[in-house]
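Read off the chains here:
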Amino acid sequence: MIYNKPAYRIMGDRALLVELGDEISPLVNRKVRELFITLENSTIEGIAETVPSYRSLLIVYEPRRVRLSTLQNAIDELQKSVDISKIPAPKKLKIPVVYGGEYGPDLEWVARYHGISPEEAVKRHTGNIYQVYMIGFTPGFAYMGELPENIATPRRETPRTAIPAGSVGIAQSETGIYPVVSPAGWQIIGRTPLKLFDETKWPPALMEMGDSIQFFSIKEEEVSQWKR
Amino acid sequence: MEAVKALEILSPGPLTTVQDLGRYGYGRYGVAPSGALDSFSLRVANLLAGNPEDEAGLEITLLGLKVQALTGLAVAVTGGDLQPRLNEKSLRMWCLHTIRKGDIISFKAPKSGFRSYLALGGGICVPTVMGSKSTNLSSGFGGLRGRPLQKGDILLSDSPHLYLDQAERAFDLERIPAYTRDWVLRVLFGPQDDHFTQEVRNSFLNSSFKVTSKSDRTGIRLTGPSIQKIEGMEDSIISEGVICGTIQVPGDGQPIIILGETVTGGYRKIATVIRADIPLLGQVKPEDQIRFSEVSMDKALESFREVEEMIAQFREGF
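Top line first, the protein sequences correspond to chains A and B.
So for the first sequence, the numbering used here puts the first residue at 287; every next one is plus one.
So for the second sequence, the numbering used here puts the first residue at 126; every next one is plus one.
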């Protein structure tokens with residue numbers, strides 16, 4: 287559900303959480319993106335940083351430059367005056383993935399869980415367009431949804447301590463890609479040769495909140511042509 | 126600018142990193158701030174050494190760092206008292222020293238606090254990545270090649286000889302926060318204090334928590350009475366942005382104070398440490414006791430202003 291009015295939650299003496307709804311959904315998340323971009327383009331002073339997520343926007347501010355009450359009033363006004371025509375369309379990306387084998391050690395398990403072949407599991411994962419709900423956890427990690435129910439799978443019971451960069455995972459109704467070697471509780475079904483995060487580039491992350499993502503299957507031999 | 130070989134790492138200790146005041150504005154890309162956990166001490170160390178307060182210095186954890194000067198240097202050591210030594214003689218903290226080529230600074234063991242800060246006049250020459258020299262350990266960038274310092278590393282500094290003839294200066298020791306083993310951290314309730322009953326919130330304030338050895342630069346992990354959410358609520362909440370000082374409560378009821386290496390989280394957060402007390406989090410160590418005390422927003426802002434005024438006064442004093 288989308289709230290009629292934003293719910294404000296105080297995070298200490300320098301941050302405010304603006305909650306726009308109570309669920310993970312493409313619509314609530316779109317509202318967060320609209321507010322995030324509108325705020326970005328606004329002239330409100332004293333904002334140090336904003337972090338958009340599934341259904342809320344975190345605003346870190348400088349209390350010596352803007353009072354909390356002033357900030358809340360300004361957000362109330364902005365929220366009413368969001369001009370959709372000024373919100374750029376989300377970027378569309380296609381992500382190559384080598385599915386299964388050593389690249390996706392959990393693909394077989396996921397297929398068995400749904401009583402289907404690994405090929406069918408790949409078809410279901412690539413047959414959908416996902417919205418990036420949030421970047422978090424590690425630099426460039428994109429949380430994406432909704433995974434169709436016929437491929438949604440619980441997390442692994444035992445998380446792995448380290449998986450390679452580019453690993454594509456699924457957990458419940460979400461899918462994501464691990465940009466760097468990290469511990470992982472998600473089911474790893476494949477790996478992309480694309481670099482998800484590069485601190486020397488601008489923007490540093492390949493994906494941004496709101497982006498529209500589709501995966502497609504490539505063969506192991508094709509990996510080298512996708513490396514940049 | 127002239128990058129000069131300034132320090133050689135003879136022994137790195139368990140964790141020594143290059144940190145400045147942090148990398149802000151990139152949370153939307155999942156990039157945490159990193160930075161000196163006790164920013165107060167790094168700022169003072171920089172001012173003592175003759176740098177801008179946001180220059181990078183070394184954050185030394187617990188003990189064991191041993192460095193050798195490769196040229197004459199202006200240095201200052203602040204923060205937790207890890208018993209710093211200059212060539213085996215005790216080195217006075219919170220003041221400017223001029224050391225000579227070949228001199229060795231080492232850190233023996235913690236007497237009080239957990240992290241020391243070493244600043245050099247001329248700072249540390251490492252690339253600025255996304256506006257900061259701080260080390261991001263999870264992704265391996267920033268600082269010196271994105272990693273903790275190792276034996277044999279050589280740190281460069283920008284024209285350190287220009288800082289050798291500064292007038293004596295020291296920070297007033299009475300103004301240094303007390304590094305106790307029994308902390309009282311001031312908090313504001315929220316953002317999800319309404320997920321806990323009044324009774325549980327009271328118990329949160331009236332209990333003492335012990336810092337566990339699982340704590341690191343991502344968070345201070347506590348153990349104590351179980352802080353339980355209102356019955357029937359789900360174990361986790363929808364993930365959202367977090368800041369340093371936010372106190373999250375996982376399903377087991379044992380709070381974690383989030384530090385500078387985390388940008389999002391999916392656990393409910395009962396309260397947040399006020400900005401004036403954030404630098405203290407860098408000096409909390411395993412086995413310490415922590416209690417939380419609630420303050421008003423006005424009091425929180427006033428306390429922060431006081432700290433900033435104190436630093437401004439010091440800066441303008443020379």
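Hint data in this document are derived by calculation from the structure and do not stem from the laboratory.
Values in this document were obtained by computation on a predicted structure and should not be read as measured data.
Treat the hints with care, as some may be off.
Partial list, computed: chain A residues near chain B (C-beta under 10 Å) [claimed, not checked]:
hint : residue
1    : F322
2    : P374
3    : Y399
Computed list of chain A residues with no C-beta within reach of chain B, every gap over 12 Å [as the list claims (entries may be wrong)]:
hint : residue
4    : R300
5    : A301
6    : E326
7    : T329
8    : A334
9    : R350
10   : L364
11   : W395
12   : T424
13   : R442
14   : E494
15   : Q511
Just a sample of chain A residues kept apart from chain B, beta carbon distances all over 12 Å, derived [to be verified]:
hint : residue
16   : G298
17   : P434
18   : E506
Using N, Cα and C, we set each Cβ at its ideal position, and we do this for glycine too.
Against the structure, the hints:
no.: 1; hint: F322; in the structure: holds, 8 Å
no.: 2; hint: P374; in the structure: violated, 15 Å
no.: 3; hint: Y399; in the structure: violated, 22 Å
no.: 4; hint: R300; in the structure: violated, 5 Å
no.: 5; hint: A301; in the structure: violated, 5 Å
no.: 6; hint: E326; in the structure: violated, 10 Å
no.: 7; hint: T329; in the structure: holds, 17 Å
no.: 8; hint: A334; in the structure: violated, 6 Å
no.: 9; hint: R350; in the structure: violated, 7 Å
no.: 10; hint: L364; in the structure: holds, 17 Å
no.: 11; hint: W395; in the structure: holds, 23 Å
no.: 12; hint: T424; in the structure: violated, 5 Å
no.: 13; hint: R442; in the structure: holds, 17 Å
no.: 14; hint: E494; in the structure: violated, 7 Å
no.: 15; hint: Q511; in the structure: holds, 26 Å
no.: 16; hint: G298; in the structure: violated, 3 Å
no.: 17; hint: P434; in the structure: holds, 20 Å
no.: 18; hint: E506; in the structure: holds, 26 Å
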